[in-house]
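If you want the building blocks of each chain, they are given just below.
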Amino acid sequence: MRKAFYSFIGIMLSFCTVFSSSVYALSENQKNIISQYCASMVQGFKTLQHVDVDNRVKLGSRYETAISKFMTPLNLRIVKNNLFVPELVDLQKTFADRRASFNNNFTVYSKHLKELISIDCQNYPEDFYNKLVETRKAREYVHQDVVYLNSILRIYKETVEKVKKEL
Amino acid sequence: MNKGGRNLIILGISATIIAVLTTAISLIVYDASGDIYLDRSRPGFLPEKEEIEEEQQRDDYAFSEDGNLTTEVLDEFLEEYEKVIDLVEKIENPFSEKPLSDDYLGISNAAE
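These protein sequence lines are chains A and B, in that order. The first sequence begins at 1 in the numbering used here and counts up by one. The second sequence begins at 1 in the numbering used here and counts up by one.
The hints are simulated quantities; they were obtained by calculation from the structure and are not laboratory data. Ideal Cβ positions, reconstructed from N, Cα and C, are used throughout, including at glycine. You can trust all of the hints, since none of them are fake.
Quick list of simulated restraints, FRET-style, between CB atoms:
no., chain 1, residue 1, chain 2, residue 2, range
1, B, Ala19, A, Lys80, 51 to 57 Å
2, A, Ser118, B, Ala19, 23 to 29 Å
3, A, Ala96, B, Ala15, 42 to 48 Å
4, A, Leu83, B, Val20, 54 to 60 Å
5, B, Asn68, A, Glu161, 15 to 21 Å
6, B, Thr16, A, Glu87, 57 to 63 Å
7, B, Ser64, A, Asp127, 51 to 57 Å
8, B, Ala15, A, Glu126, 45 to 51 Å
Bound conformation, chain A alone:
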């Protein structure tokens, strides 16, 4: 009984060690590269921060224009004209939901990028790389949101064109 208990503790401690260690093991060469070019990488990320904020604001305001000055009034006008086009309403709702996701994902990504920039990559290249991988994943979610939102804009236009043909 005692042996089984100690074996169980040993197995649990092994699991803890596995999960607490670095997920991405770097080669010595990679660590040296990161340490050597730390300053230029960080400077590049700071430039990227500016570009990302710029794109986020531009996309955000254009998405806001699309929904508030086009989708919403058109859908209302359709209803007031006693027409029934549920696809347009669904598209508007999907667009609004995904835009909220875009806003949230961008905030998460920005926090990761800010933390990445603040890491001392010269002395802690492994921590830097682990954070880089997390930031990369967060950025991918933002990218997916943008791709999806842009596709909904196009689908909405195609649906309106169908409505126009049926008038």
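Using the hints provided, position chain B relative to the given structure of chain A.
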């Protein structure tokens, strides 16, 4: 120092402490909410003049929710709507993986 003078000093110190506390709380909320990442009034993040003019021009149009629905009305809608889509798609490959990739940063080459 008389009692009035002492009370004045206490009032001044209390007011300063409250101001510092509320400012700190505001900054924490500003950072935690994510608004800091959208704030373009920060130095280095200000919009360009052309961008401001473009935004003002775009804001002039708004589709009306009142009125009949005809093909001409929808033609106008589609024409203006397409301009918004063009502006969105003008931003090439936003938030692509490239700037953070190992290849771009020169890290993957180091593994060989």
